[in-house]
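First to last, the protein sequences are chains A and B. Mapped onto the working numbering, the consecutive letters of the first sequence carry residue numbers 1 to 498. Mapped onto the working numbering, the consecutive letters of the second sequence carry residue numbers 1 to 250.
Derived by calculation from the structure, the hints in this document are not laboratory data. Treat the hints loosely; a few may be bogus.
[As the list claims (entries may be wrong)] Which stretches of chain B does chain A cover? Using the computed rule of at least three CB atoms under 8 Å from a CB of chain A, they are:
| no. | segment |
| --- | --- |
| 1 | 107 to 116 |
| 2 | 180 to 191 |
[Stated by the list, open to error] Lysine to aspartate or glutamate pairs mimicking EDC-like chemistry, simulated, CA-CA at most 20 Å apart:
| no. | chain 1 | residue 1 | chain 2 | residue 2 |
| --- | --- | --- | --- | --- |
| 3 | A | Lys384 | A | Glu60 |
| 4 | A | Lys487 | B | Asp138 |
| 5 | A | Lys246 | A | Glu180 |
| 6 | B | Lys141 | A | Asp472 |
| 7 | B | Lys65 | B | Glu116 |
| 8 | B | Lys7 | B | Glu28 |
| 9 | A | Lys471 | B | Glu116 |
| 10 | A | Lys416 | A | Glu445 |
| 11 | A | Lys363 | A | Glu460 |
| 12 | B | Lys7 | B | Glu91 |
| 13 | B | Lys110 | B | Asp138 |
| 14 | A | Lys369 | A | Glu460 |
| 15 | B | Lys110 | A | Asp82 |
| 16 | A | Lys442 | B | Glu76 |
| 17 | A | Lys42 | A | Glu60 |
| 18 | B | Lys110 | A | Glu77 |
| 19 | A | Lys246 | A | Glu173 |
| 20 | A | Lys158 | A | Glu177 |
| 21 | B | Lys131 | B | Asp181 |
| 22 | B | Lys80 | A | Glu460 |
| 23 | B | Lys10 | B | Glu91 |
| 24 | A | Lys80 | A | Glu70 |
| 25 | B | Lys228 | B | Glu239 |
| 26 | A | Lys471 | B | Glu71 |
The beta carbon of each residue, even a glycine, is placed where N, CA and C say it ideally should be.
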Amino acid sequence: MPAVQETVERVKRIDVDQYRYGFETLIDSEKAPKGLSEEIVKFISQKKNDPAWMLQWRLEAYRRWLTMTEPTWARVEYPKIDFQDIYYYAAPKPKKAVSSLDEIDPEILKTYEKLGIPLREVAMLEGIEPKVGEEDPARRKIAVDAVFDSVSVATTFKAELKKAGVIFMPISEAIREHPELVQKYLGSVVPTSDNFYATLNSAVFSDGSFVYVPPGVRCPMELSTYFRINERNTGQFERTLIIADKGSYVSYLEGCTAPQRDENQLHAAVVELVALDDAEIKYSTVQNWYPGNSEGKGGIYNFVTKRGDCRGAHSKISWTQVETGSAITWKYPSCILRGDNSRGEFYSIAISNGFQQVDSGTKMIHLGKNTSSRIISKGIAAGKSQNTYRGLVTAHRKATGARNFTACDSLLIGDKCGAHTVPYIEAKNSSATFEHEATTSKISEDVLFYCIQRGLSQEEAVGLVVNGFVKDVLQQLPMEFAVEAQKLISISLEGSVG
Amino acid sequence: MALLEVKDLKVRVEEREILHGLSLTVNEGEVHAIMGPNGSGKSTLSHVIAGKPGYEVTDGQILFKGEDLLEMDPEERAAKGVFLAFQYPVEIPGVATMTFLRTALNAQRKARGESEYSTPDFLKKVREVSKSLNIPQDMLKRGVNVGFSGGEKKRNEVLQMALFEPALCILDEMDSGLDIDALRIAADGVNALRTPKRAMVVITHYQRLLNYIIPDFVHVMSRGRVVKSGDKQLALELEESGYAQFEEAA
Ligand SMILES: Nc1ncnc2c1ncn2[C@@H]1O[C@H](COP(=O)(O)OP(=O)(O)O)[C@@H](O)[C@H]1O
Ligand SMILES: [Mg+2]
């Protein structure tokens, strides 16, 4: 049997046992009753000790949401979601203010330990191998905020960040402690009326992270959030808001996992980034939500709105994503290039296997003069998955000198999967220069056999070739995460050929 | 016991028989040349020995150190010491040659139950071998064979042969596309790897290569069979009289 065909045969079976994060943590939790109503919105708001303005904001979003319908333009298929059959709030019990890690339920700490996420303030990521010929990487500190179901359970390195003037805390705390900042920026990039899922999130979001970096400050460490859905039938609606004030810099990482469940679970997050003059935000995601089993049962619906606003001149926002999980991904991290000379970047690796469906890409909205953007997308489709890149690049009438470069490469493993590229390009002024390149290729039988003849197994060969294919994007990740992501890519394809 | 024993091998590709009962015995330390016109089945033989998918063995057997090679996965054959230097080595973009060498070597060692090389040991070994093959260090940082010249690709094959230390090396048309200087460097590299234990099967269309890699035995293949065997003299005779006489015999 030709190697590719053999791969195809094996791909037919994505092995759920390969999902290493599929365990459940047995803790008591406190849930809101199932379903959604004004009462539930009020319940959540009360649980979060919202000030009155926040409750109003939520209620307006909720009322707006009632008038909206789900988007259907993406190339994804799934049964209609019953929004009354979801828990909108779940918190580990007993719920009390946590002031140090010692007060966190040890079961939760264990969970994060199993996930390899260091909540202890020795927060160094483990398992970093130096590349051949290189010294060990300088071990850097990483501040972590961990969100378990609906509640943020720990933020490490708070004190050290405070010294630098950086605010990094759960958003529910920021709403109370820094209302002036939250009120000024929340919803200013993704308005409450933006789209069905963002509006839903605005009504019911329960936690997430808040970051503010003051003018001229280079955040002294990587900031990181880990999201974990644990409860059954629970939606996770986190909200992240990052503001980089003038001349500041911050690098932020987000990772996600969930237990294996037969039911589909909804994850509808909103992330807003604001970069003022000369500021830079680097936002990296490693998304590894449970993808569903070999029959396509279960898995996370990842319906996420992420948008960055390069509000100031010479500001820069860079999105890097490694998407390997979720049953369905609907996600377009975008940049509004409002400030003159601002720059947006989108680097993406999207891997789909089994019955996964990915519809992801970006929007680069050029509004300011001499704005530039760069899009590098690598899609890998295996099994019976569908993988779509959907991108929009527009230049406003006033965006003279706008420049974009887009390169979309797709790699197919087997012949039951599909890769699609849907680029929309719109230039309303003649000085814009937009370049677009796209390729689609099949993983080569000869390349695989070459690797196997040198002693690699079929799976290792596929992993190696794919990691080579996505290298340009992996290089954009902070070193520690590049190593993690590389492993994750191999793991997610392990299911495809084993 | 012979190192490699191919007995009455019949092979089909897409319903068409390509090898019609081929036999070949190779002992430790021997160098065998297989010559023959294009399309005679030389590459097919090398692929079947290495375990490339897509070939159906309908009859005969292949023993390697007395074990049934056809029962083994191709990566298992590699770990047991079967090495195929490809006629057209592929390019693997984004995978640094150094990373590839290390991954492959460690995979083989792991399969044999040996410990993985430490970074310094590995680097030392690669430096030694690449130096003797005139392979610059920066070539090892580039993607596997990406942008390599024909000569560099072949030297990269010999580099891997030197690193993996296989018991059996099959070289498929190593001379194709090489000028004399490139050929000499590659051949010197191969000769340096000749030991009383290691056997080589050198596949070539032209006698030229055999001026550099002197074989102990020469076999002529035609239309899926070995039609004549002899010593290195046979290669010289072929050079004079061509393959035509064997085409008829087959
Ligand atoms: N994958 C294949 N599909 C169909 N025919 C093939 C394939 N590989 C080899 N052949 C045929 O088998 C015969 C022998 O080919 P090959 O082994 O490449 O010969 P050589 O290496 O001696 O030139 C040729 O007629 C060739 O066309
Ligand atoms: Mg050939």
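Verification of the hints:
no. : hint                  : result
1   : 107 to 116            : holds (count 3)
2   : 180 to 191            : violated (count 0)
3   : Lys384(A) - Glu60(A)  : violated (41 Å)
4   : Lys487(A) - Asp138(B) : violated (26 Å)
5   : Lys246(A) - Glu180(A) : holds (17 Å)
6   : Lys141(B) - Asp472(A) : holds (15 Å)
7   : Lys65(B) - Glu116(B)  : violated (24 Å)
8   : Lys7(B) - Glu28(B)    : holds (17 Å)
9   : Lys471(A) - Glu116(B) : violated (25 Å)
10  : Lys416(A) - Glu445(A) : holds (16 Å)
11  : Lys363(A) - Glu460(A) : violated (34 Å)
12  : Lys7(B) - Glu91(B)    : violated (34 Å)
13  : Lys110(B) - Asp138(B) : violated (28 Å)
14  : Lys369(A) - Glu460(A) : violated (47 Å)
15  : Lys110(B) - Asp82(A)  : violated (51 Å)
16  : Lys442(A) - Glu76(B)  : violated (26 Å)
17  : Lys42(A) - Glu60(A)   : holds (12 Å)
18  : Lys110(B) - Glu77(A)  : violated (43 Å)
19  : Lys246(A) - Glu173(A) : violated (24 Å)
20  : Lys158(A) - Glu177(A) : holds (14 Å)
21  : Lys131(B) - Asp181(B) : holds (16 Å)
22  : Lys80(B) - Glu460(A)  : holds (18 Å)
23  : Lys10(B) - Glu91(B)   : violated (31 Å)
24  : Lys80(A) - Glu70(A)   : holds (10 Å)
25  : Lys228(B) - Glu239(B) : holds (15 Å)
26  : Lys471(A) - Glu71(B)  : violated (36 Å)
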